[in-house]
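Colleague: Sequence:
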Amino acid sequence: MKDRSLKWLRYLSVLVLVLLSFPMFGQDTGASLLGVVRDGAGSTLGGATVTATNIATNARTVQTSNDKGEYSLLNLPPGTYTLQIQAAGFESYDQRGIRLDLGQHASQDVMLKVGQVQQTVTVDADVFNLDTVSSVVSDEVNGTSIRSLPLNTRNPYDLLELAPGFAGSVGNDYNAVSYAVDGGRQGYTDVLVDGTPAGFPTVNGNSGIGIFPSVDAIGEFRLMAQNYPAEYGRSLDGILNVVFKSGTNQFHGAAFEFIRNSDLDANNYFSKQHGTPLPPFRRNQFGGTLTGPIFKNRTFFLLSTELLREDDFNTLTATVPTLAQRSGDFSQTFGANKQLITIYNPFTTRANPNGPGSIRDPFAGNKIPMSMMSQVAQKALAYYPLPNVPGDPVTNANNYFATGSTVNAINAWDIRIDHTISDKQRIFGRYSDRFYQDNPNPLFPAADAVAEGLINNQDFDRGLTLGYTATPNARTILDVRLGFARTLYNYLNNSLGFQATTLGLPASFNAAVGTTALFPVFSPAGYVGLGNNGNRHNAFMTYSLPGSLTLVRGSHTIKIGFDGRLIRVNDHESADSSGNFTFGTTFTGGPNPNAASANAGNGLASMLLGTGTGDLIQAYKDDASQSYYLAEYVQDDWRVTNKLTLNLGLRYDLDTPRTERFNRMNYFDPTVSSPLSSNVQGLQGGLVFVGVNGVSRHQYHMDTNNLAPRFGFAYTAQKSTVIHGGAAIVYGPSAQAAAGTVGPYGFRVQNNWISTANSDGITPSNTLDNPFPQGFQTPPGSSQGLLTGVGGQIEGAIQNTPTPYVVQWNLDVEQSLPYETTFDIAYVGNRGRKQQQSREGGIDFDQLPQADLALGSHLNDVVTNPYFGAISSGALTGPTTNRAQLLRKYSQYTSVLPLFLSGGNDQYDGLQLRLSKRMASGLQFQGSYVWAKNFDNGTNHQDSFNPMADYAISSQDIHQRFIMSYIYQLPFGRGKAFGGNMSRLGDVFAGGWQVNGITTLQGGTPLQISATNNLSNFDFQTLYANTNGQNAALHGSIHQRLSKYFNTADFSQPGNATNPFALGNGPAYYSSLRAPGLNSTDLSLIKDFTTINRLKVQFRTELFNAFNHVQFAGPDTGVNDASFGEITSQNNQPRQLQFGLKLQF
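Each residue of the sequence shown is one higher than the one before, starting from 1 at the first, in our numbering.
The set of hints was computed from the structure by calculation and includes no laboratory data.
Do not rely on the hints blindly, as some may be mistaken.
[Stated by the list, open to error] Straight-line distance between alpha carbons at most 30 Å, and here's what the computed DSS-like set of lysine-lysine pairs gives:
| hint | residue 1 | residue 2 |
| --- | --- | --- |
| 1 | K719 | K424 |
| 2 | K1142 | K1087 |
| 3 | K1087 | K917 |
| 4 | K68 | K719 |
| 5 | K1142 | K917 |
| 6 | K367 | K338 |
[Said to hold, decoys possible] Ranges between beta-carbon positions, derived for each pair:
| hint | residue 1 | residue 2 | range |
| --- | --- | --- | --- |
| 7 | V407 | W931 | 40 to 50 Å |
| 8 | Q784 | H419 | 53 to 63 Å |
| 9 | G115 | R298 | 32 to 42 Å |
| 10 | N940 | L887 | 17 to 27 Å |
| 11 | F823 | D852 | 53 to 63 Å |
| 12 | A595 | D852 | 24 to 34 Å |
| 13 | P773 | Q273 | 47 to 57 Å |
| 14 | R282 | L887 | 52 to 62 Å |
| 15 | N940 | D852 | 20 to 30 Å |
| 16 | N1017 | A949 | 17 to 27 Å |
| 17 | H419 | I1038 | 41 to 51 Å |
| 18 | L707 | T641 | 26 to 36 Å |
| 19 | I415 | Q718 | 46 to 56 Å |
| 20 | Q784 | Q332 | 46 to 56 Å |
Backbone N, C-alpha and C fix where the C-beta goes; we use that ideal spot for every residue, glycine too.
Build out the structure end to end from the sequences listed, making use of the hints.
Modeller: Okay, structure coming up:
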């Protein structure tokens, strides 16, 4: 297999060199203008000179019409153009004001009149606004929309929700790509900024994004959802194409500030019901842009900066130890039933002389002697703040209250330089830099803050794109782009550097902890915990080199190209690195320690005695992986006739299997013979380490079967009607690519605090003062081979994991209407195959076979352990085990979790209606309605061996959705329809008004009814509730159903007294049971004041959820929960008000 992989790499290397032997252009970031030139008799006219001139920069694109009179002006930067057509013996034709948007394929047929070239016919723009050459299903958001529509936090990606099939949300940090379009896989959009990738794989395998353009710096963006050309790939959820603005021959600038204050916001629905005031909130967002010429007609620049400062105030209500409890006095510690909580001495545990089991003695006076207290616990206890409010009069619960805030900040800037070398050569460069953080202020007193466990999240985002475009002749375009995108993510624990020995823990902790020294985690039941077990440093990087050659040959526009990417993910992640210690009530319960009692045992008392459970993990995750993505493609847009264009494409995708810098990876081989097969005949399965014993450094077998054909057509049925259709196969990012989770077993060590004698769970042995007397283990690496992890849980990659893909098809009819309006009706279909099912959960290869559940309680029968003496750590070290353990396929482990297993399937079918109007007469709008169904088999499964049993309505299904955006410049004021001749003073009050908005109406998503998973000991990952088959939906006002949203009596816990172990008979999700839908309108009111010297002052008032409609969250869906069926929270934000001021010139 190694030789086969090398053979493919050699082949691809040669192919890459061939393709890169000439400059090329990658992803399309421009527009095109197409048409046919005819004479007065209607005959086609070849040899005419066609020139498009960008009005802002004077850049020209020149071509000659072919013998069929056709011209194709490609790769035009978005902007406004003048079209000039000249031919000997005919009058010159000039058309002004042609607006071309990103990705637009505009069509303009021209008839020349007989005459002299010196005579010119000039017309205003009236470009045919239907796409007559492409079959792609896409949505464009132009600059007018981006700068006019209301945007909370001014994130232009929020406008992705204007796409008809949108589901999900978009945030402000690198991991915020959590939406799906037309049933795609959430989190798998390929984001391109200025033609190069701005995304990268994150720790969880999804796609992250590191470039967030400012509203005033972005030109426009286009979301391609279906059937995109072969130049695009590596996506399961569409292509997002974003273009920064370029400078022009005139200086333009804008400075802005936007503010939000909670004093102007509405309160949460449930907070109002409970009389809870709205928490304070403050936000300031400010910055500016400047564009203009460096050298007129040649070199242009864009500078942009944007900053955000936000205080999100919060509160903490918690239970902290009382002064008496800190000294070991629990004589005033009562339960909610007003009964004294008796504290028992675990060191007096002994056999019950009067019956089975064990007994203990209570502490005299319910007080723990100081001499018995753990020194470590006492020092840790000193970091608890003192009670500062009365708390519950009986239990003293919630006796601490504090207020604080989380400070969010963004510092971003971008620069772009465009230079025209000549009419045939252009270059540009763009660099983006962004810092984002949310940093909570302490809610503990300053002296105790190190123990609070606060986390400061930070993103450092960088992006660079360089581009070179050459047009050696009118029918050839060559270009090359070089891109780099990187995000450094820090999850910084505020206790970083704290030495555990400060608390009295042994000096051996210092060596075990290494550079990730944190305040240990202490979690006494019933009290607020101390510490936080996490700290992370991640680096996500994509280096890209896309390229293609575009050739116009007769009626064919042919593009051949290459898309190359180097992907790197570095992950240094800590968990429990200084110890994670939990203290329940078992050790201080009694008199029978095996019988739980509401009136005995206390978590803090157990902590003071140093009796608990816990662990310390060394080298939790530490890896540096990389992979290559290589793709080649050819696309032929063939204009068969003036009415019919075919889009024919073929792409080949290859993600090379990842490698790790120091070979810190392995994979799970399910069929390899286990070294323990002498203990259990025929036993298979084990972790195989890369880079040792002749094993390749690659974690996977290379998937080389990824041919992705594309077919589409555009047929002009009549001048105002175009029919589009097509089909495509698109491959997404492979689970084989670089990622932050590559399988740590063998390279991490979990040291468990074995705190009881003989591990009986009740008799204390090692206390907190020296929880690891045996010392700390050394990560074994690959030294244990196939015996790595035996006796416990493992996880590993599966070598034959294929690349996921989607099959797409669409058919739509686009109709041009008067007043720059178009109507489109479309069917779109999407079938996802080999989708990612799980990552560290959702499926367990070591799950007990479902048929064995019929054994019921006999699954817990004690049987002889065949691994006794052969396994030295974990759950299989004793002479006996339970019957269920030996019925597992890989009985030498307690759990076998596959990483990034590909086996999911999904299906989407949608009817989409669009009505849109380009800006004309002061009005622009875009509205869409979707009627769709989305099915899949999810990511977490009730039966790991039968994931297709979970095939049901998708959790992201939105059956119906309507969204409309609108921009209306009111027709009042100087030069307008009403008051066109009014005075300048009158215009100050009456003119310059604009109303904009986004209205969304959509249904809710399906609900899953879950049961208490009493099968988790057998590695069943989830359990659905039983249903009696009735439709549990209730009707009527949702306000009347908040306490009972659906008929809860229709569901029950699976199993019965005879056999408590059974799977639920309900589906994964219920189409008939859905969370509440959304009814929301965001509005902005803009007033422009025009002053001297082109300076314009703009005042904005923006209302988010303007009518304060409540979208209730889904109800509690746990069948055994006390609040089952109840809605207790609001899903959307109440009305928020934002003011903005902009200065523009």
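Colleague: So which of those numbered hints doesn't the model satisfy?
Modeller: 1, 17
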